[in-house]
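Next come the chains, spelled out residue by residue.
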Amino acid sequence: MPEIVNGLKPGKKRKRKDEEPEIRKKSRRAPKAQERHLQEDILGLEQKILESRTNYNSIHNLLDYVRVEISADEKDVLAAVALCRVFCRLMAAGNLNKPQDKASNEVTIVQWLKGKLQEYEDELLRLLENEDTGRQSTALTLLMRLVKEEATHLDKSDEAVWRDGLFQRLLRTMVKDGVAEDTRKDLIEKYVEEYDDIRYYTFARLADISSKDASETVLQNTLSILAAIESIPGSGEDLQDFYISPHSKAKHDLYSLTAHKRQAQKAWMALLRQPHTKAQRKSILDLTSHRIAPWFLKPELLLDFLTDSFNMGGSTSLMALSGLFYLIQHKNLDYPQFYPKLYSLLDSQILHSKHRSRFFRLLDTFLASTHLPAALVASFIKRLSRLTLHAPPSGIVVVVPWIYNLLKNHPSCTFMIHRNSELDKEEDEGSLLRYGDPFRMDEMDPMETDAIDSSLWEIQMLQTHYHPNVATIAKIISEQFTKQAYNLEDFLDHSYGTMLDAELKKDVKKAPEIEHEIPKRIFLKHDKGSGKEDSLLVKLWNFG
Amino acid sequence: MAPSQLKRLKLSLREQGVVGPQKSKKQKKQASQSGALKESKIQRNAALQEIRERFNPFEVKATPKTKYEFANNRTIAGRVAKGAVSRPGVTKGLGEENRRRTLLVEMQRRKKVGGILDRRFGENDPTMTPEEKALERFVEEKQRNNRKGSLFDLEDAEDDDELTHFGQALSFNRSAEVDDFNEADLGGPDEEGPDGSAGERPQKRRRLQNTATSSEDCSDGGDNVGSEIRKSKKEIMAEVIAKSKLHKYERQQAKEDDDDLRAELDKSLPDLYALMSAPTRLGSPPLAPNASMNPDSLALLNGTERSKADKEYDERLRQLAMEQRAKPTLRTLTEEEKLQREVQRLKELEGQRLRRMKGELGESDLEAEEEVQALNGEGDPTDEEYNFGLGPGLVEERQSRGLGVEDEDEFVIEDNLLASGSDFDTSDADEVDEAGTESSDDDDQEFVQGLLSSEDAEREGFGFSKDEAGIAMANGATGELAYTYRCPETHDDLLEIVRHIAVQDLPTVVQRIRALYHPKLASENKAKLATFAKILVDHTSYLANQPKHPPFAVLEALIRHIHSLAKTFPEEIGRQFRSHLKSFHELRPNAPTPGDLIVLTAIASVFPTSDHFHQVVTPAILCMTRYLGQNIPQSLSDLVVGTYLVTLCLQYQKLSKRYMPEVVNYTLNTLWALSPGRTKQARIGSFPHHSLPEALRLSSATAASRQLHFWDVVPKMNGNGGRNSVEGKGREEVDDDDVNESLKAALQDTHIALINNMIDLWAGKAAFCEAFATVHMKLQQLGSDSALGYLRAVTETRLCETSFKLNRHLQESMAARTPLRLHKHKPLAIKTSIPKFEESYNPDKHYDLDRDRAEMSKLKAEYKRERKGALRELRKDANFIARENLREKKERDSAYEKKYKRLVAEIQGEEGKEAKNYEREKGMRKGRK
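Residue numbers (the UniProt record's numbering), protein chains in the order written: chain A, 1 to 544; chain B, 1 to 929.
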């Protein structure tokens with residue numbers, strides 16, 4: 001319905017009105033005679049209403065058109081647009097304001113008109129839940145137009161329109177399930193992002209909604225609206241774009257950045273207080289550092305949510321990590337037991353997880369400080385190297401250079417790769433030798449694992465990894481530490497797929513080596529007398 | 001204050017006596033008469049020159065003297081260097097002189113070619129008197145005459161009238177000499193008998209004696225020259241001539257001797273012929289009675305035609321040329337030597353493999369490898385067979401089953417067919433037989449023959465194909481196998497060819513194609529076979545993917561064919577395998593087809609899987625581990641595929657023993673999946689557990705024991721071939737559970753066996769305890785299952801054994817554990833940067849530590865200097881040339897002017913004379929009138 005929407009752009013109304021029929025004719029490919037007749041009919045009604053009060057009853061007719069449930073021709077839409085124009089005109093003319101003379105006749109008319117307006121609004125809100133997204137967006141446009149007109153021309157305060165009036169009802173409908181995602185996006189893109197006042201009131205109303213109604217779909221939709229709001233004003237001067245002509249009072253909340261932020265914070269907090277599904281929580285966590293936290297006047301308020309998430313374990317913890325890090329970094333947050341918690345994240349899944357690269361980026365920053373106790377660092381090193389024994393090559397490739405960097409930063413940990421045990425000391429360390437590895441995998445406190453007394457046999461074992469590149473990388477541990485540090489970014493984004501691609505993309509330049517001996521048997525068993533041993537495959541499998 | 005310039009000039013002029021009191025006329029006359037005047041004139045000029053020089057301030061140029069010592073002007077001795085004095089005028093003059101000598105001459109000679117060079121003595125020397133010149137010329141002529149007498153110049157000697165013999169003058173009038181004409185030893189060589197050696201020896205000796213005497217003579221002559229006062233020139237010349245004659249004679253004599261010897265040799269040649277031709281295998285034509293003679297001469301003797309003899313000769317020659325020459329290297333080796341050689345070769349190959357395993361193969365190794373190959377090529381014919389492990393096994397092979405699908409006879413016929421079809425003659429066929437000796441790229445030929453010999457064995461009654469499939473041994477399964485096939489160019493071609501051929505006959509067909517298009521037969525066959533090799537790889541995978549499962553004997557034969565072809569076409573086959581891997585990787589990483597599995601198996605046997613890096617093996621391993629690491633099995637057939645891959649992985653690492661985390665994980669996960677008590681037990685270990693469907697659990701211990709079958713990888717729904725069909729389709733639904741249960745039990749057994757194998761492979765690794773502690777726990781957990789009665793007795797005992805073994809190994813490896821000592825490197829030297837002090841520093845010198853750079857700057861400076869100098873010289877040359885040209889022109893002009901004036905004067909004179917004459921005549925006429 002773009003042409004209709006265009007026709008309603010504020011300020012261009014009158015001019016456009018005359019052109020409208022023509023535009024419609026042009027854009028419709030082959031308007032049927034009936035349809036044209038209908039259009040003329042509706043336009044005629046509209047014209048009559050505006051001409052004289054006596055024709056006000058035609059509003060009723062138009063409303064009936066709008067009410068028609070299913071209409072193949074766009075009668076309801078046309079009628080709705082026409083009605084919108086009618087009401088806008090009436091409001092601009094002050095016909096809906098309480099008359100001064102208090103003549104009962106006038107009052108009745110105003111009352112009646114208000115009633116019709118109410119009905120019309122209800123119809124529009126119903127249209128907002130129509131299956132047709134085109135109708136939805138038309139309804140949204142019309143509603144926003146009405147909001148503007150009501151706030152400007154009706155004698156009640158504009159605050160009221162925003163708070164309990166049409167806008168509130170609009171938003172309540174918007175978070176319902178019937179409204180398509182596209183329409184919500186429309187709302188955000190065309191209004192919320194564009195106009196500071198709409199954004200302000202959206203936050204306010206959403207806060208109300210989510211604090212009252214906690215059903216899952218509402219939460220989900222609220223979240224999707226909130227998540228879509230990207231523009232964060234930098235300062236008070238940025239607050240310039242208003243949907244409704246700027247307020248008279250200079251001290252109004254709309255001009256204050258703090259007020260805006262407070263509203264946003266309120267909305268988010270209301271949302272965060274509700275119970276979430278895991279997916280919702282993850283998407284919230286995903287937004288935390290760059291969408292949510294900047295709105296917050298007091299980011300500490302996020303702490304509860306984040307710690308809860310962090311304590312949930314698994315990938316949720318991983319996601320919470322970046323939010324926590326944001327708080328620690330920017331808000332000077334003190335999080336007790338951070339490192340033990342971090343340590344506990346190093347479980348069997350971590351090297352297989354799809355968040356691996358993200359986690360390692362953060363882990364690298366967390367352990368970047370050279371003032372960390374060596375025992376702690378050693379625990380991290382040892383635990384990760386233990387995990388590499390069951391890790392895919394892409395995981396190993398990250399861990400080994402990371403260990404190298406840590407060893408370079410914490411020279412006291414290099415005992416893990418080189419330990420001179422003197423002969424006389426060997427008596428004392430007999431126990432150590434007998435039990436193999438002093439490191440305790442089960443110990444959850446990274447300060448108590450004794451990893452510093454252990455050695456990185458695992459990495460040594462990986463020097464004989466099946467993949468030549470991994471084996472070569474593992475060898476950096478046993479070579480001279482001449483390189484200052486490895487850039488972890490080079491190793492983060494590998495997978496089986498990329499490694500295979502890299503191998504297979506290369507062209508064969510040199511003829512590949514061929515096994516010099518052609519085996520006599522590949523699938524079948526060797527004969528008893530041949531004196532050859534069957535291969536493992538033949539031993540275990542039956543190739544009949 | 002010094003006197004003025006003028007005063008000084010006057011003074012010096014007076015001092016030199018240039019100016020002085022005027023001499024009287026008398027004095028002058030006297031001086032001119034005695035020639036003193038002339039002398040004094042020269043003196044005067046010199047003095048003037050000197051004075052002029054002295055008073056020219058530009059004649060001498062000195063570098064400004066430095067009063068004080070500073071770093072730059074100090075000499076080695078430490079004193080302030082005196083400013084050097086140069087004379088620009090002098091150098092300029094020298095340069096001018098030089099130019100006049102070279103450039104001017106050149107200028108004058110320009111555009112002039114030829115000419116006569118006057119080399120007469122003193123011709124251009126004005127200081128020599130004619131007498132002196134004549135004398136000089138005479139001396140030179142004399143010398144030239146003397147010099148000409150080179151020792152052996154015979155021509156020169158001709159003007160000497162004396163002939164000599166043995167250095168003695170030939171003169172009959174010296175009758176005192178014995179006329180030795182009648183002496184016995186003067187007999188010519190032609191008079192000598194067949195045993196002429198006796199007569200020859202003295203002659204030779206005589207020659208030696210002669211040379212000795214002649215040298216004596218020489219030395220005598222030299223002494224004489226020294227001792228006697230002086231021999232006349234003529235005498236010397238006579239001596240020289242005599243000597244040259246002597247040498248000439250000697251040379252002739254020696255030549256004659258040689259001829260004699262040659263003749264003698266020729267005579268005994270037939271005997272030699274006999275000797276030589278006796279041992280040859282080729283039956284030389286029966287010897288004629290007088291075979292001892294040269295066939296040529298014999299023919300001549302016999303009066304046969306020359307041409308016929310020539311023909312015979314040619315034939316003989318060709319026989320000789322064709323005859324195999326004995327090769328010293330090819331002596332028959334004894335058994336021990338052969339074995340030793342074989343051992344040596346295998347050792348070498350193993351060494352290379354080890355180096356590749358460690359990833360150390362560099363260029364040099366490649367060369368070494370080529371060397372080894374060359375070595376193989378040179379080796380004895382059986383050596384090549386060893387290459388494939390066929391050679392020594394031949395004897396045992398005879399006992400073993402052959403491939404059983406080919407028939408030997410046919411191939412022999414084939415061989416003949418192709419032999420007669422082409423231009424090869426019998427000797428070439430022989431060559432084919434010995435192809436192994438020829439070159440190393442004859443592998444496949446050898447391979448084909450190796451196959452033949454194994455078929456040979458099969459014919460003796462061990463062919464399983466006859467027992468099993470009842471293939472007619474005459475000619476393939478249907479008896480209609482053709483002998484020749486087109487060499488397929490695409491896989492579709494091959495499919496077209498084999499459409500009507502039983503699968504069992506495929507190897508025969510392949511073999512025939514390989515024989516038909518053997519690279520030796522035509523040059524383009526090599527390319528054809530390369531394509532064929534690729535198609536074979538495709539076909540192997542294709543066959544395995546067919547719903548009707550091909551017998552493994554065929555697949556095995558195909559893979560072995562591919563392997564032997566790969567020796568000739570490693571690149572093509574490697575590429576083809578890689579393209580298969582690529583499609584596996586890109587199209588179905590989580591659902592390998594049986595064809596993929598067969599391809600991976602083929603890679604395991606065709607390529608050395610122990611290499612550190614290998615273009616085919618490394619991606620293959622990655623493909624497998626990707627499946628093992630990322631695929632979460634959902635059905636039993638998934639598990640079977642995974643288990644097959646685990647087995648393959650372990651086989652890949654058989655030699656190199658590299659650690660594969662995914663394999664361990666997968667085994668643990670599978671055991672966990674199958675474990676009957678899974679639901680009750682906690683998850684242990686630090687490997688990621690899959691969430692697996694409940695149906696995979698082993699639920700009863702009653703399942704029958706069996707081995708995993710390859711075709712278990714195909715889900716049963718569409719698995720209508722192979723085992724499942726054998727078990728009967730009707731009962732399938734009834735038996736479904738049982739079948740599944742037995743499959744699960746088989747999987748469990750297999751994985752326990754695999755763990756056993758892993759322990760063997762990786763027990764020596766550093767972190768064995770860490771990696772396998774989980775496995776141990778898992779086994780123990782399984783053991784607890786046994787308590788619940790879920791496990792079969794066989795499995796339980798195996799489990800116990802494996803568990804016990806693992807426990808032992810774990811303890812051993814813990815006991816053997818020592819802290820890491822990875823950094824026993826020699827500490828790196830810190831770079832020193834102590835400044836180096838120069839003893840006697842000279843700022844003019846460049847102390848560049850970088851030798852190359854120092855030399856470079858030196859060269860540059862030199863170049864610059866030279867360039868400047870050259871430019872300056874050129875400029876001066878140009879100036880000089882211009883000057884000379886001008887001078888010449890002036891000269892020419894003045895000469896012209898002079899000539900002109902002279903001519904004008906002449907004419908004027910003549911005119912004047914004539915005018916006078918006219919006047920006179922006129923006057924006279926007037927007067928007369």
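Calculated from the structure, these hints are not laboratory results.
Some hints could be false.
[Unchecked claim] Sample of chain A residues with no beta-carbon within 10 Å of chain B, all distances over it, derived:
(1) Leu43
(2) Lys212
(3) Thr464
(4) Glu513
[Said to hold, decoys possible] To spell it out: a stretch of chain A is covered by chain B in this simulated footprint if at least three of its residues, at any positions, have a beta carbon under 8 Å from a beta carbon of chain B; those stretches are:
(5) 276–287
(6) 364–373
(7) 408–419
(8) 446–458
(9) 501–511
(10) 515–526
Heads up, the beta-carbon is just placed ideally off N, CA and C, and yes, glycines get one too.
Here is what the structure says about each hint:
1. Leu43: 61 Å, holds
2. Lys212: Its Cβ never comes within 10 Å of chain B, the nearest being 39 Å, so this holds.
3. Thr464: 5 Å, violated
4. Glu513: Incorrect as stated: the minimum Cβ-Cβ distance to chain B is 5 Å, not above 10 Å.
5. 276–287: Not satisfied, violated; 0 residues make the cut.
6. 364–373: Coverage by chain B is violated for the stretch 364–373 of chain A (0 residues, Cβ < 8 Å).
7. 408–419: holds (count 5)
8. 446–458: holds (count 4)
9. 501–511: Since three or more residues must qualify, the claim that chain B covers the stretch 501–511 of chain A holds, with 7 doing so at under 8 Å.
10. 515–526: holds (count 10)
Comparing the model with each earlier hint shows violations of hints 3, 4, 5, 6; every other hint is respected.
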